[in-house]
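Protein chains in written order, with our numbering: chain A, 5 to 484; chain B, 5 to 484; chain C, 5 to 484; chain D, 5 to 484.
The set of hints was computed from the structure by calculation and includes no laboratory data. It cannot be assumed that every hint is accurate.
Straight-line C-alpha distance at most 27 Å; calculated DSS-like pairs for lysine-lysine [unchecked claim]:
#1 116(A) with 116(D)
#2 376(D) with 204(C)
#3 244(B) with 173(B)
#4 116(A) with 173(D)
#5 359(C) with 376(D)
Quick caveat, the model's predicted, so the values are computed rather than measured.
There are 4 protein chains.
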Amino acid sequence: MYSVEVEGNKWKEECGVYGVYSRSAEADVSGMTYLGLYALQHRGQESAGIAITDGAWMDVTRGMGLVNEVFRHQVPHMDNQYIAIGHVRYSTTGSSMLANTQPLMVNYSGGKISLAHNGNLTNATEIRRELEETGTIFQTTIDSEVFVNLIARSRKATVEEKISESLNKIEGAYCLTIMTENKLIGARDPQGFRPLCLGKIGDDTWILSSESCGLDVVGAEFVRDIEPGEMVVIDDDGVKSYKFAEPKLNMCVFEYIYFARPDSVLDGLSVHEARFEMGRVLARETNYKADIVISVPDSGNTAASGYAYESGIPYVEGLVKNRYIGRTFIQPTQKKRDTAVKLKLNAISSAVQGKSVVMIDDSIVRGTTSGKIVRMLRNAGAREIHMCISSPPIVYPCYYGIDTSVRKELIAATKSVEEICEYIGADSLHFLSLDGLKHCMRKLGPDHMCYACFDGGYPIEQKSASPAEHDKYVFEQRKK
Amino acid sequence: MYSVEVEGNKWKEECGVYGVYSRSAEADVSGMTYLGLYALQHRGQESAGIAITDGAWMDVTRGMGLVNEVFRHQVPHMDNQYIAIGHVRYSTTGSSMLANTQPLMVNYSGGKISLAHNGNLTNATEIRRELEETGTIFQTTIDSEVFVNLIARSRKATVEEKISESLNKIEGAYCLTIMTENKLIGARDPQGFRPLCLGKIGDDTWILSSESCGLDVVGAEFVRDIEPGEMVVIDDDGVKSYKFAEPKLNMCVFEYIYFARPDSVLDGLSVHEARFEMGRVLARETNYKADIVISVPDSGNTAASGYAYESGIPYVEGLVKNRYIGRTFIQPTQKKRDTAVKLKLNAISSAVQGKSVVMIDDSIVRGTTSGKIVRMLRNAGAREIHMCISSPPIVYPCYYGIDTSVRKELIAATKSVEEICEYIGADSLHFLSLDGLKHCMRKLGPDHMCYACFDGGYPIEQKSASPAEHDKYVFEQRKK
Amino acid sequence: MYSVEVEGNKWKEECGVYGVYSRSAEADVSGMTYLGLYALQHRGQESAGIAITDGAWMDVTRGMGLVNEVFRHQVPHMDNQYIAIGHVRYSTTGSSMLANTQPLMVNYSGGKISLAHNGNLTNATEIRRELEETGTIFQTTIDSEVFVNLIARSRKATVEEKISESLNKIEGAYCLTIMTENKLIGARDPQGFRPLCLGKIGDDTWILSSESCGLDVVGAEFVRDIEPGEMVVIDDDGVKSYKFAEPKLNMCVFEYIYFARPDSVLDGLSVHEARFEMGRVLARETNYKADIVISVPDSGNTAASGYAYESGIPYVEGLVKNRYIGRTFIQPTQKKRDTAVKLKLNAISSAVQGKSVVMIDDSIVRGTTSGKIVRMLRNAGAREIHMCISSPPIVYPCYYGIDTSVRKELIAATKSVEEICEYIGADSLHFLSLDGLKHCMRKLGPDHMCYACFDGGYPIEQKSASPAEHDKYVFEQRKK
Amino acid sequence: MYSVEVEGNKWKEECGVYGVYSRSAEADVSGMTYLGLYALQHRGQESAGIAITDGAWMDVTRGMGLVNEVFRHQVPHMDNQYIAIGHVRYSTTGSSMLANTQPLMVNYSGGKISLAHNGNLTNATEIRRELEETGTIFQTTIDSEVFVNLIARSRKATVEEKISESLNKIEGAYCLTIMTENKLIGARDPQGFRPLCLGKIGDDTWILSSESCGLDVVGAEFVRDIEPGEMVVIDDDGVKSYKFAEPKLNMCVFEYIYFARPDSVLDGLSVHEARFEMGRVLARETNYKADIVISVPDSGNTAASGYAYESGIPYVEGLVKNRYIGRTFIQPTQKKRDTAVKLKLNAISSAVQGKSVVMIDDSIVRGTTSGKIVRMLRNAGAREIHMCISSPPIVYPCYYGIDTSVRKELIAATKSVEEICEYIGADSLHFLSLDGLKHCMRKLGPDHMCYACFDGGYPIEQKSASPAEHDKYVFEQRKK
């Protein structure tokens, strides 16, 4: 009897960050952060944490699990608390899991500082080595420890300058929420790989959130996105903006394809609208004559409705998702293939029987789950299965915060579309074209996106020869 | 800081039952039951249990929580186990919660017996009193203890006769899976209020499940529904059927409207098909000229796709459901109305802004949640909101296993449709007509359903004057 | 890696019972019961429970573990609570552990009743069979369920009469605390195998406790022991006494040798005094010329001080007991004999080196632990080891509530004193003579004790041929 | 209802450290460390941790609670593990408890290093400030983080030199076990405030332990004490010794009075022997004519037996200690003074009634518990109570690892012996004289001890004016 990971057929994004600053007597900054993390839970389900301050004392509570598991008994609270930051994380199952949760909280010469980070640095190893050579110790295996060490080492006078200087040494993807004893600071890397936005409630409550859905849940008004290369500093004087680097927007297109919640608006483009468009473009690119359009729930839903809208083919539920499956389940002794998928999804026979079906999914990583779903639909009586993917084939690894593991696991890196189609057993298979995808992003300007996993055009020059250097487990690697 | 029930705007069904009998060397009867309970989890999320036997020893493991919480560390197992039954329950939060979990396991003169029960008895109080008068003690507050006491008291020779005799004394709704040291027994009340079906794998593995989705998850083949008034006995001689009472099918129509999973087929009618039809009839009854059809996820999804199909109005996602909310969350100190609903649902502004929206939900119980959703859509910019409910107004309480609590909480029992519409703030409100609903059920015959919560036509004469007699807390009542 | 039971070289007593009745506004009856169970914790460490009533409602909380584990988060409480009973239990590690915890709480025709039981019945199987034959079911495998069924079946008018009638059908050892909605009842079997006493605080608070140390902890005054064959009923009219059977005191002598706390006084004889006397008699019986007297802590301490007092040989600490060992520990992968004993005890080399040592222990059950201790002392340099046991050899099984398991495990049942001495490796071995033991008990009268485990003189005629009938696992036995 | 700390009337020592290095195929270094920590559990009960390495990988597991709670489910293990270190800690209940557990494990330029520390540094604040000024961050509030930062900052070539250099910058009390990927290192401060010894099994297994009882539990042979100012380095070449500072032994005398286990031998003097001597000297200093000698269990036991030995007055148990009380218990609603003490201790009336009693305890800190015990004995009938303390009055705070909190809580700092005697209600009170105590330590040489808490003669000059500087909470202090 052993336990099995039920999720795991999707790319994993690293984190969600949040922050609240409020002088309002009614505001409960830790409570709002807790609600915000609930709304950002899809960005990381393995650990959660909240740090708070009252201006003198600073405290952090972190744990493994979902927000409602970590804060099962109580939400952190402090009298007169007025700043809080929070973090949810998709984490590795490693030896030192709890140590790697965030926000990080440290003492340095300037006082206490807490930091929450979403993203992946591409020169962390180099910086870490340099810092170690001058006597720095590292207690975790996360990139984020590099930030606080650089800040602590900075000779600049103010915390704003210290942070600016540090960020200029770092390459890669990062959105940060940082808390000192009297400031809430947000920063976004110059490429803007990951989203970060600012909201407010009344005149005295400011919120930073990875996605706008984190503003909605606390009833905040969207103010604006944090610009690439921008740092915002919130204190009793209000919000100040600093441009610490020249912006060159290269937002990760997978935020729109899969990661972000459909009710979020990122850099001015609605995730729902983008996905709906992907479905419409897919319909135009394929022009299948099918009886029904179905979705692989939930990530394919929006594109499926767009496909149905454009094609006129009815959109019906063909697959049911079990909402009660936890992240792992114990495999019964009876060895049964496909159990995990069967537990999570089931085909609705009465909906698909005898039908020609267009099935929409957002991406194919390894292809094994897709194959199981296709078999499930065939067993339920589907006559034809045309699979449509609302993204191009993924052929390059990601260095900026997505766990694509090794390139050889990416089915599209080693097989042609025809081979993949055969592997998963569909009657036909279509991936959204890169041009089609860019068309859906036209509101942002086609050049303001990172499409590197599709075309290898990495926005930051990859200095390192060895791919292992960018592997996120690098700091846990064994000696040879 | 206090915790809040996040779910709770829906009717609650009481239970799901399961059973496996297998002489196959490969079969893992407790593991299959565990998978089956996963598939039936929507029928009860507050406790779960599995009882197993190897023919000599019998054992039961029960606990509070979801299947993956109760069996977090291991699935019950016994060498040479060949029969197992399981149970999931929606339970009250009472003083003796754990004592009330199922399956019940007892010793009596005939040996050991375990029993899992879905439903609600209408004469349990009377039988209990009679039994107590002759010296019976009761250790739980659940109906199901009545069954085992009646069976133990029976003077009949065989366990089949004992059970038959007992069932004939009982009125109300029940589907049972019963396990002795060498038999698996299933029984369904004469009205067939709740579903129960039989499946098999190969020639030597038999399965009983509340819904057919519990067969799919273990790869079993659907054999047939258990008939109302039928008891099936499975042992090494195969399956024997006994008719212990004259059947008069009165299946609960809410199984089709809301309770059952859309991929289940109950008494020959697909739940998905029934719901899709409800959406189609709603479209014909309303004939709204709207821009989009949206659903209150997830229970409104199937009917919404049916409405879109029939009306030609595009079906789009207008509301996002947060999948990570547990059953309760801690209310932050800041008092904020609507927080629980906001956590669970959010409107997609880009989908609904400026649009005339048809919104489909399955039912309205108290109306408070519907009102919050309507406000949420208005704030997101919806121009018009036409709410369509895929069931008639609920005006009568249910005595057969649904927690409708007191009649005065049912908004439709005290308000007209116009008043409800005003209360929830929609532009218009339409409930599916009873005739329309019956049309959707035509495959089963219009008279083979219990519509009592809509029209008061209870299939069993209600003898008791006092409604408290049917209250499920009756056995926990305080003395005056 | 597997876990190991650290305790387990001693006889196990079954239970401790407690009860409080108070109309005092200051009294907190459940809180007092919680403190009382702490004081009785040595009588049972595997489960604990408290039942309370306010006169209308009755509630029970039970769990596996020590009192401070079961009530880790809160002590049960009810507004206007005025009666409470409690129970601690040494329980088997079986399949249905939680179900077997006490107090038992049931509904019957007379209302609600809770019951806590210390002891072991010798005709439970017969009564159980009779009850089953007339249709009674049993949900646990504990004797105590027999009591409540007999009470519920009684045709007598009052609860006092029902209980009296039931007790007269039962044979064996029992001390009971029983709670109805308005009475606290205590009863002790006619032989008085187990202790039970009555205490009070002021005029309106009455307490029942297995031992007088349970009175001390709540600051109560000792009133008197409950007589064998006596039932006391406490309600608003005060304390009434009923003699339900002719008393014939046969108190278990092991209560004085090992089970009870030395600060308790049972039936007028101080446990400390009795043990001190045992040490003195041992000294007179042995007359060893040794350098020091040491004790196997903690159960040998009192007798060791008595030995030192009588002999004039100095009493020093020769063995240290580790106070932090839980009931089980995980065995490291390295297989090491004696680890469990070494963890728990260590010899003090500087105290024993080169010395002739008299070592006092209370009893020898299997002899393995004694052997390990002797080796430990030898390794620490002890020159001579004279082992003195403050009880005679145990050669007969106990049927009245002590887990002596099978007779063949009792080393004294199969080996002579010389053989045991050789087995454990001591230089000499002396068991307290039965006459010597009786001398220590002279205050109670030599005939008022049960010495059956030493001489086979069972106070109740043993009808049953098969010893299995008296095995406490009998209700869990497999079919052949 | 609130919980109460049951312990807390004694000084608290900070920690126990352990380490194993073994190339033996049979050795299980983490399992041995786990057993060793069990034996050192009395030195710290609030957290525990074990770090292991196989030469390439290093891992640490830490948690709050006792050893058997932290490693409830499994002992850490790694294939081919051959070095392990462990730590038990008495910790503050602060905000960042888990973060402050040990061993600390960090990455630095030299690889991975783990460190476990017993003691208290007197110049940690100064070093910390210096380090922070050059950009070091601190993630915990424990002294021990200073060590690893100094080591990481050292420009020396070898790890031995780095550690030596670092230790020379540090003042105060420390015993360390340090693990690199291929060495086990032990170090003891030049004053040798805390004990540390070396043991071995066969030729290839070396053990470091705070006390020799940690060698006994794994069956190791005592080799020698680590010298003050000595560092030992164990690797495949065996054990090498380095003298990093001039030794000036000032062992904490309280190790002998109270902290260490009586079966340990520290720096050549048996703890049991020292305590026995204290009892003998007490007898000579007092010469009471009493009926019995009793002990406040367990810490007074050894001295009490020494007093009885010297005086010829019989030693009997006068107080019983409840072994089942956890570290905290929930205070019932009824407010009862003395409940915590009553739960833990009870007087044995039959032993003390009418007697003149000499009662031995090891120390008096605040005096409140002593007063409660005296009242308890009076209530149990003791005629006269002569209290003897096996240490002089504590009048000065400790800066080297004992939690004496503020000086004003020390009753002896503000009251004369007569006033204390009156406060606790004894008939007479005697503290062991400082000369008497020194006499007991004569084996070590009278100058080789730290008696600063009695006479203020601190072995290290206290530079800091403000006592807050030495408070262990200093790193958690709020800003003004």
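Status of each hint after checking the structure:
Of the supplied pair hints, the one linking residue 116(A) and residue 116(D) holds, its CA atoms being roughly 26 Å apart against a limit of 27 Å. At roughly 22 Å between alpha-carbon atoms, residue 376(D) and residue 204(C) fall within 27 Å of each other, so this suggested pair holds. The suggested pairing of residue 244(B) with residue 173(B) holds, with an alpha-carbon distance near 22 Å, which does not exceed 27 Å. Taking the CA atoms of residue 116(A) and residue 173(D), the gap is near 25 Å; set against the 27 Å cutoff, the hint holds.
A distance of roughly 38 Å separates the Cα atoms of residue 359(C) and residue 376(D); the hinted pair therefore is violated under the 27 Å criterion.
Hint compliance for this structure: hint 5 is the single one not met.
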